[in-house]
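**Q** Make the full structure from the sequences, and use the hints.
Residues 53 to 150 (my numbering) are what the sequence shown spells out, left to right.
Since the hints were derived computationally from the structure, they do not count as laboratory data.
Just so we're clear, the structure is a prediction, and the values are computed from it rather than from any experiment.
Treat each hint with caution, since some may be false.
The calculated label-pair distances, taken between Cβ atoms and stated as ranges, are [unchecked claim]:
id: 1; residue 1: THR77; residue 2: TYR133; range: 15 to 21 angstroms
id: 2; residue 1: ASP76; residue 2: GLY131; range: 38 to 44 angstroms
id: 3; residue 1: PRO74; residue 2: ARG140; range: 28 to 34 angstroms
id: 4; residue 1: ALA125; residue 2: SER66; range: 31 to 37 angstroms
id: 5; residue 1: GLY148; residue 2: LEU69; range: 39 to 45 angstroms
id: 6; residue 1: TYR62; residue 2: LEU137; range: 14 to 20 angstroms
Ideal placement from N, C-alpha and C gives every residue a C-beta, glycine not left out.
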Amino acid sequence: MVHPYPPTAYVDISLLLSSLKPTDTQFGEWVNVIGYVTEGSLLVGSSGSDKKDALKSRERPSANVQAIMLWSANAIDVGEYEKALEDRLEAEKRRGVR
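**A** Quick look at the structure:
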């Protein structure tokens, strides 16, 4: 499942390792995160492992977060989540925020 808000977020959980449960970091698990956000970029290419490919790669914006809290989101309605994000982006556009 993928959505474009942005499609990738890199979350550094190193400060939380002693308190996380194994289920908190299962593949596909939706989580809530509180932390510090910094802008970053992700190099995207065909493999990412080869230097030649990396040089040919394009940069794409990504979100980088230093997590200070993380907990399970439990059941989430993805459609409602995406609608809320779209509504917020539209409201920001009307106000001239972005």
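**Q** So, for every hint listed, does it hold in this structure?
**A** Evaluated hints:
A hinted range of 15 to 21 angstroms for the beta carbons of THR77 and TYR133 is consistent with their spacing of about 20 angstroms. ASP76 and GLY131 have their C-beta atoms about 24 angstroms apart, which leaves the hinted 38 to 44 angstroms range violated. About 33 angstroms separates the C-beta atoms of PRO74 and ARG140, a value consistent with the hinted range of 28 to 34 angstroms. Range check, ALA125 to SER66: Cβ separation about 21 angstroms, and the 31 to 37 angstroms hint is violated.
In this structure the hint that GLY148 and LEU69 lie 39 to 45 angstroms apart at CB holds, the actual value being about 41 angstroms. The given range of 14 to 20 angstroms is respected by TYR62 and LEU137, whose C-beta atoms sit roughly 19 angstroms from each other.
Of the hints listed earlier, those the structure fails to meet are numbers 2, 4, in rising order.
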